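The chain contents come next:
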Amino acid sequence: MIAFFQSPIFANLAYIFASILFIFGLKMLSSPETAQRGNLVSASGMLIAILVTLAQNEIIAYEYLLAALVAGLIVGVLASSLVKMTSMPELVALFNGFGGIASLLVGVAEYINPSSSTFIQLIAISFTVLIGGITFSGSLIAFGKLSEIISGKPLILFGQKIVLSSLLVFALILVLELIFSTGLLNLSNQSVLFILIVTTLLLGVLLTAPIGGADMPVVIALLNSYSGLAASSAGFVINNNVLIVAGALVGASGLILTNIMCKAMNRSLSNVLFGGFGGTSSSSSSTGEIQGEVKPITAEDAYLILEAANSVLVIPGYGMAVSQAQHVVRELGELLEDNGCEVKYAIHPVAGRMPGHMNVLLAEANVSYDVLAEPDDVNPLMETIDVCIVIGANDVVNPDARENEGSPIYGMPVIEVDRAKTVFILKRSMAAGFAGIDNPLFLKENSRMLFGDAKESISTLVSEFKS
Amino acid sequence: MESQALLVLLVFVLVLSIFLGFELINKVPSTLHTPLMSGANAISGITIVGALLASGGEGTFSSVLVGTFAVFFASINVVGGYLVTNRMLKMFKKK
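Chains A and B supply the protein sequences, listed in that same order.
Residue numbers are given in the working numbering: position 357 of the first sequence equals residue 357, and the series is strictly consecutive.
Just remember that the working numbering sits 1000 ahead of the position in the second sequence, which is counted from 1.
Derived from the structure by calculation, the hints contain no laboratory data.
In this text the structure is predicted, and so the values were computed from the model without any measurement.
Backbone N, C-alpha and C define an ideal beta-carbon position, used for all residues, glycine too.
Heads up, a few of these hints could be off.
Estimated spans, in silico, between C-beta atoms of each pair [stated by the list, open to error]:
id : chain 1 : residue 1 : chain 2 : residue 2 : range
1  : A       : Ile-179   : B       : Glu-1002  : 16 to 24 Å
2  : B       : Leu-1006  : A       : Asn-189   : 54 to 62 Å
3  : A       : Leu-443   : B       : Glu-1023  : 40 to 48 Å
4  : B       : Glu-1058  : A       : Ser-81    : 34 to 42 Å
5  : A       : Leu-443   : B       : Val-1011  : 54 to 62 Å
The task is simple: from the sequences and hints, build the whole structure.
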């Protein structure tokens, strides 16, 4: 009986079962009602895959792997329970990097294992190392930019594209040498592998560093896809179906998210990756025919307008995350609803630092998910809305995207708040947004600026309502 | 199994899974994109299967050592990824 559980046929059947659980888990993510159970289904698939592997005859020593498992478990539990919801993008980037390095190491371990690898396995090993390395160092750079350890500005070196393409060619030569062992490079196999790892790490850095902080949602989604590809490729190294299926699912998911983010910014993926967008250079390209003046408003006056409003639309951006204003925003929303006003939240796909970032923060603050809307849902009704409250968002409400052909964001789908009756813009100062582009919304006739920290401003509004 | 036949089978599985992935993920609403990402990220930790085989299997000291590090990183990815996704999804409520 025990022999059966150790047999490869049992393991393979269990791996298929685990794949089915992953698929069902993702399927259940299609609705917020079933999503949490879906995640548990997916997690149990993972548990089954791990337990079955541990039961295999091939595993002869447990002390190292158990120590590593326990250590990883502790780190994972601590990191996931201590992280603040606003820091979620950084954490996801970091975890993603760990997935990449794990796949890379699996490839390396297989390569230095004395049992000879087949031709196909050698190709798979090279590919795993390449993608895994790029995922790892790229994710670390994304982590650094998101947590502001390193500057969010695009770092463009002289001759970036030439350096990148020569590195890529060099990496391909190393890959060919690994596969065919021609000996032409006059290096041992192990040194070739080592140089390849260093090259891929460098490639990951050079690919991510030129991308501005505002484009990080795209980068995380793309790196997410890479980590899936690396896992899938590791599946070819060890001839294992579950790695291939799970990796492909993740790869597809990352690609879809990347595509959604690019569409939401009206830019191609190559423009995001190599455009160096979000630097200081783009601000000078605006045509400078902006007319009007900034009209500040006090919280007291803003309260009087809100009190009389029948419909309010809240547009959150990264500024809401920075000032941790989501809880007071929800409180204000509830007070408005008690006052007979209809409150909705419009969330742009690229608001925040990762796809769906704002939704998570509002969910944390107990905002019901059925009042969260997408730009396409709210834009046609914009004229009927009394007050739009823009909280720390900038580029996603910029009317230049529709009106100014010279603007770098021209053509990007935005939330057209300027068509509402009144717009309140909560902002610290008149500084340009993360993308460094001027925003004529602030000068429009119906715009009122509520300067100061978003959380304090909204708290003042809340206390006005209560008094 | 003959290695060519195995390769064809694995590629077949890969291609079908990619199509399946596109179908599944297209149905996820934008409000759940962050949990989708962290959940998918946890799934990519499946590479832990390969890591366990390298760490606990026959091999040289160096291949076991490399495998052990792989187990460590992959288990952070798996455990952390699923827990953090659960933490987020728990918050999505309808009133």
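| task | Please flag the earlier hints that this structure goes against, numbers listed from lowest up. | result | 2
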